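Visitor: Just so you know, the sequences run in chain order A and B.
Counted the way our numbering counts, the first sequence spans residues 1 to 151.
Counted the way our numbering counts, the second sequence spans residues 1 to 386.
Since the hints were derived computationally from the structure, they do not count as laboratory data.
Predicted, not measured: the structure shown is a model, and the values here were computed from it.
From the structure, some residues in chain B lie toward chain A, with a derived Cβ separation under 8 angstroms:
no., residue
1, Met74
2, Arg209
3, Gly218
4, Ser219
5, Ala220
6, Tyr222
7, Asp225
8, Phe277
9, Phe278
10, Glu351
11, Pro352
Idealized CB from N, CA, C, for every residue including glycine.
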Amino acid sequence: MITIKVNGTSHQLDVEDDTPLLWVLREEIGLTGTKFGCGIAACGACTVHVNGEAMRSCSVLAGSVDGAEITTIEGLSPDSTHPVQQAWLTEQVPQCGYCQSGQIMATAAFLKTNPNPTDADIDANLTNICRCGTYERLRRAVHRAAALMRA
Amino acid sequence: MTNTTLSRRTFITTALTAAGGLALGVGIEGPAEAASLGVRPWGDEGKRYPGEINAWVVIEPDDTVIIRYGRAEMGQGSFTALPQILAEELECDWAFVKPEYASANRNLRENKVYGSLATGGSRAVRETGVMVQQAGASARERLIAAAAKRWSVPASECAAAMSKVAHKPTGRTFRFGELAADAAAIKLDKEPALKRPDQYTFIGRRLARLDVPLKINGSAKYGIDLEVPGMVRAAIIKCPVFGGTVKSVDEGAIAGRRGVLQVVKLKDAVAVVADRFFRAQTALNALPIEWEVGAAGAANSAQFRKEYLDALDQKGVEARHDGNVDAAMPTAAKVIEATYEVPIIAHAPMEPLNAIAHVQADRVSTFGSALRTPTSRWRLPRRLRA
Numbered sequence: 001m002i003t004i005k006v007n008g009t010s011h012q013l014d015v016e017d018d019t020p021l022l023w024v025l026r027e028e029i030g031l032t033g034t035k036f037g038c039g040i041a042a043c044g045a046c047t048v049h050v051n052g053e054a055m056r057s058c059s060v061l062a063g064s065v066d067g068a069e070i071t072t073i074e075g076l077s078p079d080s081t082h083p084v085q086q087a088w089l090t091e092q093v094p095q096c097g098y099c100q101s102g103q104i105m106a107t108a109a110f111l112k113t114n115p116n117p118t119d120a121d122i123d124a125n126l127t128n129i130c131r132c133g134t135y136e137r138l139r140r141a142v143h144r145a146a147a148l149m150r151a
Numbered sequence: 001m002t003n004t005t006l007s008r009r010t011f012i013t014t015a016l017t018a019a020g021g022l023a024l025g026v027g028i029e030g031p032a033e034a035a036s037l038g039v040r041p042w043g044d045e046g047k048r049y050p051g052e053i054n055a056w057v058v059i060e061p062d063d064t065v066i067i068r069y070g071r072a073e074m075g076q077g078s079f080t081a082l083p084q085i086l087a088e089e090l091e092c093d094w095a096f097v098k099p100e101y102a103s104a105n106r107n108l109r110e111n112k113v114y115g116s117l118a119t120g121g122s123r124a125v126r127e128t129g130v131m132v133q134q135a136g137a138s139a140r141e142r143l144i145a146a147a148a149k150r151w152s153v154p155a156s157e158c159a160a161a162m163s164k165v166a167h168k169p170t171g172r173t174f175r176f177g178e179l180a181a182d183a184a185a186i187k188l189d190k191e192p193a194l195k196r197p198d199q200y201t202f203i204g205r206r207l208a209r210l211d212v213p214l215k216i217n218g219s220a221k222y223g224i225d226l227e228v229p230g231m232v233r234a235a236i237i238k239c240p241v242f243g244g245t246v247k248s249v250d251e252g253a254i255a256g257r258r259g260v261l262q263v264v265k266l267k268d269a270v271a272v273v274a275d276r277f278f279r280a281q282t283a284l285n286a287l288p289i290e291w292e293v294g295a296a297g298a299a300n301s302a303q304f305r306k307e308y309l310d311a312l313d314q315k316g317v318e319a320r321h322d323g324n325v326d327a328a329m330p331t332a333a334k335v336i337e338a339t340y341e342v343p344i345i346a347h348a349p350m351e352p353l354n355a356i357a358h359v360q361a362d363r364v365s366t367f368g369s370a371l372r373t374p375t376s377r378w379r380l381p382r383r384l385r386a
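Here chain B stands alone, though its shape is the one from the complex (with noise of 0.2 angstroms):
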């Protein structure tokens, strides 16, 4: 279960878990193996699984039922919810099911067959959730439609629950995991309909989250997390002033540091790659830089201040009218005024930020912590053909 016990071929495989945090592997192409760990990272996507049913299920032979879940895990337990409403319509047993990652490159090759892969705004039930009690009803009627078929009965007489379908009249069974090949070759000729909600029997019920014994032993992979093979590691700093440029390295200062590899000037950023984390950041820390701070480097907070002071005493546009404030407000029984000030502060997970790009023969592969997998998809390759 921990990582001490895989190879380091297979940690590196398997290493995008992503299980507890905001890891989003972008761009990855290569084939993957079935990992020991409780929740199994995406990353098949060279692999075609005979018990696919859809894009969201695929039940093994072993009655696993590997459930795909298209947004990023936070905490806030759509890892959960979603496999849970899928199994509603599934009819499994809970208890074999191993929630994955859903790939991104195949809801771009498959027109968005995972929905937007985006994580935010308490989107993912609401966005999803029917989508994925869809995906779980074809596949159980898929499954009923290949038990009839091989028991030559008609699939009204079929019935499916905790992983197997029943031929009622005869108490004949099969697990799901005997079906589910020949389930993925079934074409329904109408979708099912969905339960109505006072048919539910599962969604509703408070679960254990599938992500929690993950996160209690270390095993949970975060983007900071991944390794690739070759990987060196770079510390970066940016202008501190927006706008602005490198003026000037002056790389000797560090030479001959042991384990630093490149100095990289970008025009507003210096980075420092190094074969440890530690080596590049303490050179960067000893690396004498020089910075054109450019049209803002005059900015400062009391500016900032006066300047929204002075925007809230000019018309503004009126987005919602209601009532009389004006004539209210001297009639008012109590007036409580306050005046509230926020400083500008950066959004600061506890991950700190960080990517890794995998340079191969033919291909790069991106992984990075990220709610929004669409979006840094594209944006990351124009940067790096830049």
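So here's chain A without its partners, still in its complex pose (with noise of 0.2 angstroms):
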């Protein structure tokens, strides 16, 4: 049994501990906006905020998360207003749209630690997979989601 508050609602989940905390969040609590990608922590398409660091949920165990605090892309605005949502709408990144809730997820925590990233910086702690090839928008969004949060 564990207890994790997910975007804010405390959930005591009867689960193995070794359950993936992506499965967790898709099946026990039905949030899917989090997506199954890999499984291996190397797409980033898993990607949500534990205690306010993005963590691929793929490969972070429901054991390991016991009284954290979840953020999912569910949660990160109750109205797609939140400074990465607004870059991300006003550049159109999403093509196929299935990476975009990590993409979305991990630059709002890095973010939080480089509020005035260059493009290096973005290529080096970005690294979250679009198949689409998105990267280019990825890019100039990440650019104006951080100017967005200076402001």
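Both chains come to you apart, so use the hints to assemble them.
Guide: If you want it as structure tokens, here you go:
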């Protein structure tokens, strides 16, 4: 039995300790905005915030997050107004969109630690994969989000 | 807007948006409720809209314009482009437009009213652009005819713009939403001519894509996100060698694991069914399986490479013959030689392949992330019968 707070709501869950957080979110709580991509922390589609830090939830075990506060894409803002979401909308970043929940969550956490990143910082720190190849717009949107957050 | 605000039942019946992705439903027959999503999934075949002017256009009393979309949106933008083309002729206010996926079942029943429902090759606009443009023009003329009839004036004195029909001499107007039910009943003597490209005022504008808002907050639904009542999950492994078969499975090795419901042995694959995907996958990983690899068991990459190279030395089929390469090459100013090799690799979308079969008393509804609904639709039922 673990207790986690997801997007502000507490959940007590009877899951095996080795269940990946990803599946707890998707199948136990029903939050499907967080995506299953590779299952080995390589693609980043499953990125969520665990106590404010971006983590790839497919490789975070339920037993290790007992008591943690988790934010998923559904909880980043109530109305898509987080600066990263606004920047994504303005730059029309998503194509198929499957990776974008993870991209947005990774970016939101990254900009808290680096509010004014260079292109090189972005390339080095935001390593989520986009198979559509939206990287150019992604990068523009990260800069735009950073500017919004500094303003 | 997010699914956390939807009841479970609403979630289930509306989860098939596919706004973002490849989710295309097949064989859905049940009615669905209107969703609070900005982009509604199709699935409303049980429901007839009074304001359905033709198979492509529904105008609701509040002026909402539902435009059906007969392809899969994968980020290429035709979910926005095709409604834009239709709206050029319909003369509706773009702010009222909500695209919705066309029904595969209806397409079958109504003699391909939506075209092929297959996506690929940059064909969406090329193949259905004129079709939806005509649907928009036809809907507009019927709205105008409906207004003219109510005013008892000639249709030629009326014009449509921004989701309203106006009677030009008097300035009276009706909203499209007030006319749609009447328009749906009107038969036109002949289909209106389409605008010429030099008359376009809306086609060609750079619009914000209609699927993007759903893809920045987790509300876009992909095939893998759908849940049907009583759903269980299966993880599957195929024989790693093409043409190979299952030799033996030691089911006892996973007996008593939490949530595991059944081991399914197919000719060339094994699946474990469980109440949760991760339980199914970990049980499958722990399941000892012996494969009969068959004739292709010794095939390997080195052998493939040799076969391909050997084939290059044989005479091929001449598809085209221009000039004389053999004669020109020795006198060429510069000769560039290179060898290109690519491995055999699988097409790998980020969304893992997945499908759902919802078995009910009188039907099986299937859902999958597919580009070619018609193909999938016909293949699946045959396989399910087997």
